[in-house]
Structure formats: structure tokens, C-alpha cells
Amino acid sequence: HVKDASGIPIIGANVVIKGSTIGSVTDLDGNFQLQAPQDATISISFVGYKPTEVKAAPVLMVVLQEDAVMLEGTVVIGYGSVKKEDVTGSVLAIDADKLTKGMATSASDLLVGKAAGVSVVTDGGAPGASAAIRIRGGSSMSASNDPLIVIDGVPVDNQGISGMSNPLATVHPSDIATFTILKDASATAIYGSRASNGVIIITTKTGKTGRVKVDYNGSFSVSTKYNEVSVMDSETFRNFVTTKFGAGSNQAKALGNTSTNWQDQIFRTAYSTDHNVSISGAIPNMPYRASVAYTNENGILKTSNLERVTGSLSANPNFFDKKLNINLNVKGVYNTNRFANQGAIGMATQFDPTQPVYMDNNNYGNGYFIYMKTDGKPVDIALTNPVAMLEQRNDESTVYRSIGNAQIDYRMHFLPDLRANLNVGYDVSKSEGDVIIADNSPMTYTSGNFKQGFGENTYYYQLKRNTLLDFYLNYAKEIGINNIDVMAGYSWQHFYNSTRNRYPYSAAFAQSKGEEFYKEGDEYESENYLISFFGRLNYTLLNRYLVTFTLRNDGSSRFNPDGRWGLFPSVALAWKMNEEAFLKDVDALSDLKLRLGYGITGQQNLGSSDYPYMARYMYSKAGANYYFGDTKYSLIAPLAYDENLKWEETTTWNAGLDYGFLNGRITGALDFYFRETKDLLNTVSVAAGTNFSNQLLTNVGTLENKGVEFSINAHPVVTKDWDWTIGYNISYNKNTITKMTLNDDPNYVGAIHGGIDGGTGFNALIHAVGKPFNSFYVYEQVYTPEGVPVEGAYVDQNGDGKTDEKDLITYKKAAPDVFMGFSSQLSYKNWDFAFALRASLGNYAYNNIQSQREAWGGSQMYDQTGFLKNRVTTAEYTNFNNARYLSNYYIQNASFLRMDNISIGYTFNKVFTKDQKARVYATVQNPFVITKYDGLDPEFNNNGIDNNIYPRPRVYMIGLSLNF
Amino acid sequence: CTGDLDTVPLDKDELVSEVVFGSDIAAYQQSIAKLYAGFVIGGNSGGDSDQDVVGIDGGSQASFLRVLWNMQELTSDEAHCAWNDPGIPDFNILSWGSSSPWIKGSYYRLFYQISVANAFLRETTDDKLAARGCSADVIAKVKTLRAEARYLRALCYTQALDLYRNVPHVTENSKIGNVLPDQIMGPELFTYIETELKECEADMLDPTVGFSANYGHANKAANWALLSRLYLNAEVYAGVKKYTECITYSNKVIAAGYQLEPVYGDMFRADNHLSKEMIHPFRYDGDQTMTWGGMTYLLCMGSSDMQTATNAKGAWQGVRAKSSLLKIFEKESNSTLDSRRSMLRTELTANVEIVDQSTFKDNGIPVAKFYNVNKDGSNPGSAEAYVDFPYFRLGEIYLNYAEAVLRGGTGGDRATALKYINDLRKRAYTDDSKAVIADADLKLDFILDERGRELFYEAQRRTDLIRFGKFTSNDYVWPWKGGSATGTGVASYFKVFPIPSDDMGTNTNLIQNEGY
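In order, the protein sequence lines correspond to chains Z and S. To get the numbering used here, take the position in the first sequence, counting from 1, and add 37. To get the numbering used here, take the position in the second sequence, counting from 1, and add 9.
Since the hints were derived computationally from the structure, they do not count as laboratory data. One or more of the hints may lead you astray.
[Said to hold, decoys possible] Some chain S residues close to chain Z (C-beta under 8 Å, calculated; not the full set):
1. SER40
2. THR317
3. ASN360
4. VAL364
5. THR368
6. ASP512
[Claimed, not checked] Just a few of them, taken from the derived set where beta-carbon distance is under 8 Å, the chain S residues facing chain Z:
7. LEU19
8. GLN38
9. GLY106
10. PRO110
11. VAL179
12. ASN182
13. ARG416
14. GLY514
Using N, Cα and C, we set each Cβ at its ideal position, and we do this for glycine too.
Bound-form chain Z, shown alone (with noise of 0.2 Å):
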């Protein structure tokens, strides 16, 4: 009888008799029968345990261990894997089932803080918000900064779906296995003209041999929100106004006679439920996993909501002796969300706290409060009434998504040493969705084109389908003391994009109006191919030098012919140190190797056209026509375009050592690594009059990122009642630009963009030479003896008696110099605890909250039409007439410390049989946050410019785990 240690029998062993060919397979109970010699040697064998030799015996009882090695031991890179300890490039795998979680709800989540190198941001705390990823700081200026992900074979677009935030949600974090992060260009460089940001590889779980085993987990949460904008309230705005302006004044008489805080009436306590369950087993040679969720989140602001149905199916069966191995994944989403209008967060920090949420007796606004002119009609410039946006728009939407693929992996039957994988696969999306502003209500006075009381509504829908081909061959041979591994192999992938938009009129829009359309609807479709081909060679020498040589060359419908195909090589070399005969004998050293890679990888992401290089013409849309005579025409305008356009290359030097000690209790990585990226994917200013457009997308440019990696996994405690793990890594990244333009002029001072809440055509950032990406670009501020700011008094930097434009100044960034995670799981018996705690050092935020909303004078706080504007309680202190948006002032330190989660738990290591065991749970995501920043959160994506964000909650959790 052959079982596993929990004393599950074990199906379908291998049994041989140990140098014979005589054998057999255990039965559904585990059994088997062997006529065997009285002093043979049996072995016992199954794909994920330990081989087992017992001597033979009238009856046998035969326990099993699991291969933690075999298991752990492979990691999943691009095309294939390697065993751990083979690794050449800068690689990191992650258990997923070993991360300390918050509320996750998407695969982003999971990463927060996890691993060196790699930053996630999410966009604020909405439900299902997506996340900015960026490996090693990304590499490109216009092109896109996301890493490649790749989910079970299948690179998956991630460059968003209308009408679902996160793109990545489409696997619940439950059924993702592993994480692969490929950081360096010799491991990258096998995705070639993808592979610039980093790769991450998304393994999902299958199902084992073994009993049929059913999991469930499902938790409960409760949102809050922990901080608010520290604007005025409504007795020191009154106060505040009445003073700068006195009693009589038209302003004291615009001050309303309540009392509202807005930022209360805008958010609210909210409550998410999220279950999963997954059933898996074997049926004889094919594993197989199914597993399904639903997740429902409601935001803290208002309205907002997210629900979704995830489901994936897993089939692995094999044929022929495990030579013919195949994969079967299909994983699906289904997501209607009610997106909350995030506009009304600012707003809320600056309508009126005089005025009250709701009004009588006005024929406009639906009840709600709204500005009013003395000639009876609605204000169309002033600011709307917060509750109101929210409540009276209906932004919904539904998406279905799936990802699917069947890998066929043969080995062939003559040459055993040899394999074909093939690999076909989809990834096909479906959004619509419907923004339905109510009639009357107040937005549709103060925004949109017309101002005249009728909700401009939308109509969306995408069509996303991107289907993929891979083939390869894969040789592997170990001759004497070389080991080689060969695999060369070919992609094809199409990617097609349909959106359509309609604006249907309300009913009493058509009344009033007749049938006459207001805005015509629009479409739009495109397409591109990539083609590969791709090879690498593995060479291992005596166990200890390895050497990896990747080759790939892409193939783009996004460039013109003649410069269409880039080659992307790399190569890596790796010392295992710790097999060497001088080192071989130190006990404490379980692992040591250097490592050495090389690469140019590519970007063709370019997030705009899928033609680009093309000369193309596009008709207008509505509202953009002329008239000659009585007969309106449709515009047909020239596109600006660059036949030249080509890949952005990046070049990579990784050199990088993993260690290991006391048999593996602690271990780690340190990798330094240098990155240039040349011809730029950049969106720069072209001369006047050589295109239809005064910017471009073309490849101009170089930048450099360099930075140091660090991480460190210890075990210090592991005894019979207790375990301690903990993970700690840090990183350090510095980016420069070193060149901008197409002729180095030293008088152009850079790329100035950023574009800020406030005055229109104020910009905050520049692409400097010399200077990292996204620095502020402001004057320095003067500030009195007492360290108040001097309102409009900036530092004379040329020294020509009045400061002007030449006098901005680069400043700071929005980029952090490093972060760090720590994150500690500590158990006692059947008590666990676990926190994630992550810092961000040397990030600079523009708060441009503050800056809009502290002036007081001239139309800042008060509108000729009759309103105010609420305003910073900072605004007393500051006391500026005007606004000052490009005073360094507002570039303030946004270095944080925080805490994204704890968590306490308790297992019962038996519910009704001792198969059966429950976990239950309580966690405290974002607890706390330390940081000097003034704003709302230190913490967002926007390069640094802090205007409207959605508030992370405080979210307090509890959940329940079964596993039968």
C-alpha cells in the first residue's frame, strides 16, 4: 500500500523492482501486488514525491514524501524552464501562497512590496483600481512602462479594456501559483521586442494527483475612509471670507447659512464580500483544477462598485508515457462595475461648506443645490454640487474576458531528447457600457458642450481579440560533463481592437429637440501583427559554468518594412561558486553564485496607433465640420506620422550573486545592474511645418537607469510550536536622462509637460538632459525670515533683476530613490500573524490640491457670478492673493512609511475529520501611514502631480479558509 504523509493513498505509483523491468501500478486504493525476491529492492516512484526504495516484505507500507525540492525547484521562464539553481539571469520566482495578503482582487495587489526591483502603485483606492507596475523604473519616455505578462503561456494585454480598470483581474488571486519576474535582459530578452519593462510570468494552480481535494476561502471587509483634504469648514470659511473681505462685501454675501462637509457627504463606510472555491484531483493521467469566485466591492466614495464572477479550468492529461503532455487552461471573467465620478473627491474640497446638499422650490438641479444667476437661470460656470455628481451619474459597465490556451508538449518517441511544444492561445475581451447623466440634474448645467440641462449620455463598446501561435523545439542532453540545452522556435500573434461609441439623447432631450441628433457616434478598428523567431542555448560545464545564449527577432506590422524586423541578443554567464572544491566543504554555505548577463531587448508599445509610420488621413467627427454654401462637409485631415519609426532598444548589464546559507535558512540576491535605452519611443516637438502636427511620435533620445537590488529571506525560527519567516528587499534606481532632441541645442531646456489643475496651460514637469524623467520644473521660493512663503517672490536664478521664465529651475522628482519592503509571518501552534510594511524614500509630490485651493483674491475664491470656493485651511497661513502654481512650495516631500497589512489567524487542523482543515482570519489592510507629505495620500500615479485622487481605505478584514 502506497499513501501519502497525511495518509492519502496514493494512485497510479510506478512500483519496479530495483534493476529489473518488472513493476506495477497501485490501484484506486492504493494497493499493489509484486512477486518479487525475497531481498529485492523495490522503488516506488510518483511525479512529485521523493522516490522511495523499501526492501521487499510480504506486506508493504509505504509512505511518501512530497518533493519540496522538485517542487520549488523549477522556475518558469520564457519558453520552458530551468531548475533554480540553473537561473543565469536576474530571475525571481514567487509562491503566491506564501505572500501576506491584504484584500487583493487582483494580481497586481499580490505584488505590492514583494520583490526588489519591482514598484506597484495602484491608482487610488476605487474598487478593482489597476496598478502601475514598473520593473528597475521603466525604460521609456512616450511608450509604455508596464512590464510584458504573460499568463500561463499566454502574453496577456494589459494595456487596458474600457470599462474594467484593472486588466489583470481577469485571474482571481487565488488561483495564481507562482509569480516569475524577469528582471534582467538576458532573461527578458527571450520576449525580444516586449521584454524592455521586465516580464512577469503568471503560473496558475493545476490540480495533483491525489485525492480530489475542495477549497474554499471567502472574507468579508468593512471600508472606511482614514483621512480627508484639510479644507475649511463652514465657520472658519465664513470667518475667513468676512475678514479679507468684510461684511458687506459681494462676497460675505455669497456665504450660505448651513453647514456642510462635503468630503463627509461624498464618501461612506462600505462593505465587500469575496468567495472562492476550487475543487481538484486526478482523473488517471490528467490532473485537473476548476475553481470559481465572486467578489463584490463597494468603494468608500458613493456609488462605486465593483462585481465580478472569475472561473478557471485546468486540465493537464498525458498520453504515451507522459511523452505527450497536455495543457488545457480557460480562465474567464464577469465584471459589471458602477464607476463613482471621481470628480466629485475635488470637488467636495472646494464647493461652498455654507451651502447646503439639497434645495426647495427650484425648478433645476433635481432637488439638489445648485448656483443660481439673478435672472433665474443656472450659473453655467459654476462648481457642482458633489453629492449630486455622484449620485446622478449612471457610469456602468459590463465586461466579459477570457484567456484560454492548450499546450501540447510531445517527446519524441524515437529521440526522448527531443520536444515540440506547441502553443495556441487567445486572450478575447468584451466591454460596453452606458454613462447616463440625469436630465435636470446639476452637471448638466455647468458641464459638457451644451449647458443646457440635458445629461450628454455615452454609449461604449470594445471588442478586443488577440490570438497567438508558438511553436518550438526543445534538445536536451547531458554528455559527460557538459549538459546543453537547445530550443529554437517561432510566434505568431494578432492583435485586433474594435471600439464603437454612441451618445444617445435623453427622452426629453428629443422632446425639446425634435429627433435631430446632437452628436453623432463614432467607431473605430485596427489590428497588428508580431512574428518571432527566438532560440536559446543552454550550456552547463561540470555543473558549475553555465552559460545562456538568447536570441530573438521580432517582426512588427507597426514599422515600416524596411525596418520591421529587430534582433535582440543576450547572453549570461553564471558561476556556481558553491560547488567549487574550495567552498564545497563550508556547511554554511548552501548557495552561492555569481552571475553575469548582457542583452538588448526592444519596445514597440507604443499606445497610440497601430500604423503609425503610415501617411493616413481620418475623417472628422462630429461637431467638426464646414459649411460652403448651404452643404456641410466632413473634414479629412492628414495624420502626422514617422516612416522612419522603429523599435526603442535597451541595452542591459546585469552582474548579480544569489546566496544561500544554513541549508537554505537564509537566502537572497544582490544584483547591480546598468540600463541605456536609445531611440527613444518619444513624443517630442518636430520643426514647424515638416508634419501635421507639432509633436511626433519618433525615436529620439537616450536615457540611463542604474540602480542596486538587494533582498534578503531568513527563517531564524523553526521549532516545534513556532516559525518565523521573514522577507526583506530594497532597492535603489536612478534615471537620467542624456539626451532629448534630435540636435543637442544647450539652449533648450527640455520637454516641459505635466499639465496641472488651475490655470489652463500651466505645466510642472520637464524632460531635462541630464536630469531623471518627470522632474518638477518650478521657480524656488523666497520665503521670509519666520520661513513663511513670500507670495510671487521667487529666487533671481540668472540674476538679471526679474525673474521670469529663465528662471524655472529642475527640482526634484516624483520617482522615489528607493523602497523597500519588509514583510514577517510569524506562527505559534495554531496561531499565525503576519504584516507587509513598504517605505518610499526620496519621492517628491506636486500637490496640487493645495496649490488650487489656497489663494484667496481676485476669482480664486470668489466668482463675479455670485459663489465661493472653499479653500485650504493652509490658505491663513500662506495668505496668497494669487495663485503661485510654479512655486517649489508646493513640491513637497512624499517619502512614506507604511503598513499595508496586518493580519492575526487561527487553523483548526480538524473540522469533522482531520482531512479537513479551517482557517479563520482577521487583517487590517492600510493601517497606518507615516509620511511628512500634506496631502491626501503619498502615494499615487499621476508623475507626481497630486490632484484628484480616490482615497485608499482602511479596510478591516475577516475571512474563513477550508480545505477538505
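For chain Z, the structure is supplied; the task is to place chain S on it using the hints.
Chain S alone, transformed into the frame defined by chain Z:
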């Protein structure tokens, strides 16, 4: 199967040139329509979306008319804007630099238009039309459109000459892509424009007075009007006196039969496309030319007190007249009888002076010149702008003629000049007898004032002040000129705007205008 890489756009609205242009006239008309629309709206989609000029605000800085208006009016003795947006206060006080988003927007708008005109000319050569199998009728029609493209390109170059003086020079023979055009200096650019206009004149449509099926197309009269304006300023642009030529071309326009709109204010109303005074309009047709710039701006920029009367879709309140504009009217004893003066709504302000540069109310004079209302008082289809902007109208030609005569041009005479001036004044005044001036009053300084009265808020004032030597000098000042409340002179280099820093950083062939 690497052949898959040879894709072509799938969308029916996104086309390569071989597909766009065939033997049918429609695509050629739609292409020239884009060129015309580029003076009117900011992008290829309503509300200035799909911007032509990017990286700046589509409805304001990228709008040909809105930014031109700001550069010509806010910098002058006529208008002031209280907004704090970057570059706006700089216009008010005549202190701008090469990174002003407005200066950038204006410059790139002009060169966008020039590029589109060049593309049209490249795509419509005789060879290409013949190769596409165009009929003789289509070829003839396209020939007219080609002449219009050249005229519109010359118009843009004239504007560039006026604002920036020395600019990059590109024609239909220039390459698209990574090339750096050479700079052309004022005098050479003047000659180029003059030559172009004369060459394309013959193929343009004959003048049509009033509304017709071709209303919106520029015809020969527009060409002559542009030459009239160009020659009037030739001394500034190229250092040569061309007043005789100015008279010649003014006469041609006048001879074409245009007539003054009987009531001055009707020239600026929603149905002014019917006016017999209109020579070259920028057409605005409600929600078909949806923009936050252009005429929408001219309707909305002022006080909310007038919004209902003007049927503007908004009241943005920032712009008002300086007291110096009022003074130009009040130089005349009977100014209260001048209907143009009554557009300055002094009754809506407690203070005609701009005491505080950034305060909106009771701080300068609200102006209502443009009305989104028909002559008969009815409203057009919506509050979207329907008023066409008169880029050239007969009134200006009369003034050009008179000034050119006074400046010594031949081919005209004082009596006719006096008649034209008095025609304009009689139209404006409620009492003809109080309107007329005597020959002795007809002096150059009077012409400058009369241009102020007749053409105020029509985006011409800066050019006029420069021609009269009064734009930067200390002998003629207005509130906030040079940054002081009473006004002071500024350095003379402010007569031309700087080439935007973006193009200076890109095109190494360019030499920055002196002073910047």
C-alpha cells in the same frame, strides 16, 4: 507567414492617401474644408478634440482666432484679460517670453495650416489627378481649390510675418519628416507671399457679393483684400512702401461690388453670412463647428450681465475694454451718437479703469460687440456660435484705402478717402450730420483712431499700433502697458513675438528674433 505584417488601416475613417483620393471631387472638397475649418475650430472632432496642435489647450491656445485675438487685442490699448492663466497677464503688460503657451499655439497653428495646405497641393498635382482618372470637370474644380489652398497658405504666412517676422519656410516641395526647414527673413517672406497671391489669383473664384453656394470659399476679392492689408504694412514687414499697390488692390475689392452692412452692429450677428460687406468669413455654424475658442470665445469672454442678450453659451467674464478704448471714442464730441461706442457697456461697471489686474467686476468696461442673435432679434438654432468672424470686410478696405492715400500712395484721392471714411461713420452714427468729418480732419492720427473705433475687437489693433509706431513707444500709453497702472513704454523688440522655444530647440536653422 511574415506577410501578415503588411497591414493597412481597417477603419473606414482612417485611410491612406491611395484610398482617400480618387476620381471623385468629394475628398478634395473635404480636404480643403479641413484647411478652412482649421481657422475656426481646434481639432478634428467637436469641442476641439483630436487636436491639430497638441500639448496645449485645444480650445484656447490652439484656436487660430482666439489666440490671434489675444495677441492683437490684449497687447493693445483695447482689451484686458483678468485671468491668471500662463501667458495672459504677460499679454496685458507686454512682457512675454518664448515659452508662452499662447505664442506657441499661434505659431504651430499657422504652420499646421501651412502643412495641410502643402499636403493638399502635393496630392492634387495634374499628374496625380490624371493618374486617378479625374474628369476634366473635377480637374477644373480642383484647380480652383488648389488656388484657394495657396491663398490660405499665403494668409498664414502673412500672419506669421506680422507676428513672428522671420519664420521657417516650407512649401509643397518640402519633405515630410526629419528635415529642418530654413528660415526666411521678413523682406523675402513678403516677396514670397506677394508672388504667391498674384500667381494663384487667376484660378480663384470670381467675387460673389453676399451669400451664395460658394459662401465660405475664398474668392479673388479675398486675395485682393489680403494684398491690400499686406501692402499697407509693407514698410513694417519689408521696409518698402507699397501704398500705391495697397490702393490698387483696395480698389479692386471695392469695385467688386461689396456694400457696407447698413447697420454696424448687424455685421457681428448670427446671420451675418447674408451680409454684402463680408469678404472672407471664418464660418461658425452652431454645433457643426463646436469649439471653446474662436467665436465661442468672442461671445463668452465678457461679462455675465450680457450673456442673455448676446445668447452666448457662457459668460467667462475675464475680458473687458481698457479705458483707453473709451478715450478713442470720447475724443469726439458726439460720441454718444456713435453706435460703436454704445457697445462699450460703461453702465455695467462701477469703474472704467482697471485698478486690479485680476479682478473681474467693476474693473474695466464690459463689451458686447458680437451677438449670437439674428438681425431680426430671433435666436439661431442654439447658443452655440453662429456668428461668422469677418476676417476681411469692406469696412477695413475703406480704411486701408484712406490710409494709403494719406501715406502717399497713388491711384487714389483724398476725396474718395474722405467719402469712404464718412460712409463708415454715417453708418455708425445715429445722426449722419454729426458723423461726417471735413477734409481737414482727415489725418493719419485720425485714421488710427477711426480704425480703433471701426475695427475694435476684430483682432487687428496690435498691427495698426505698430504701423503707427505706437505699440511699444512711451509717447502713447494705456493702462498696464509695460506693467504700470498708467502705462509706460516697453522695449521695441516686443513688436514681434519670439519664435517659440520648442521650435528653437528643434530647428537649429532658426535665429531667434532680436531681444528674446
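### Query
Regarding the hint that ASP512(S) lies at the interface with chain Z, is the smallest CB-CB distance below 8 Å?
With a closest approach of 5 Å, the ASP512(S) hint holds.
### Message
A closest beta-carbon separation below 8 Å is what the hint needs, so does PRO110(S) meet it against chain Z?
### Response
4 Å, holds
#### Entry: Satisfaction of the THR368(S) interface hint, Cβ to chain Z closer than 8 Å
5 Å, holds
### Message
Using the nearest Cβ pair, does LEU19(S) come within less than 8 Å of chain Z?
### Response
OK, holds: LEU19(S) within 8 Å of chain Z, min 5 Å.
### Status of the hint placing ARG416(S) at chain Z (closest C-beta pair under 8 Å)
Constraint on ARG416(S) not satisfied, violated at 33 Å.
### Message
The hint names THR317(S) as touching chain Z; please verify it with the least Cβ-Cβ distance against 8 Å.
### Response
6 Å, holds
#### Entry: Interface hint status, ASN182(S) versus chain Z (Cβ within 8 Å)
Violated: closest Cβ of chain Z sits about 12 Å from ASN182(S), beyond 8 Å.
### Task
Mind checking the CB of GLY514(S) against every CB in chain Z and telling me if the closest is under 8 Å?
It holds, given that the least Cβ distance between GLY514(S) and chain Z is near 3 Å, below 8 Å.
### Query
Does the nearest C-beta of chain Z fall within a distance shorter than 8 Å of the C-beta of VAL179(S)?
4 Å, holds
### Interface hint for ASN360(S), Cβ within 8 Å of any Cβ on chain Z
14 Å, violated
#### Entry: Interface hint status, GLY106(S) versus chain Z (Cβ within 8 Å)
OK, holds: GLY106(S) within 8 Å of chain Z, min 5 Å.
### Query
Holds or violated: SER40(S) as interface residue toward chain Z, Cβ cutoff 8 Å?
Given a least distance of 5 Å, the restraint on SER40(S) holds.
Consistency note: the structure conflicts with the earlier hints numbered 3, 4, 12, 13.
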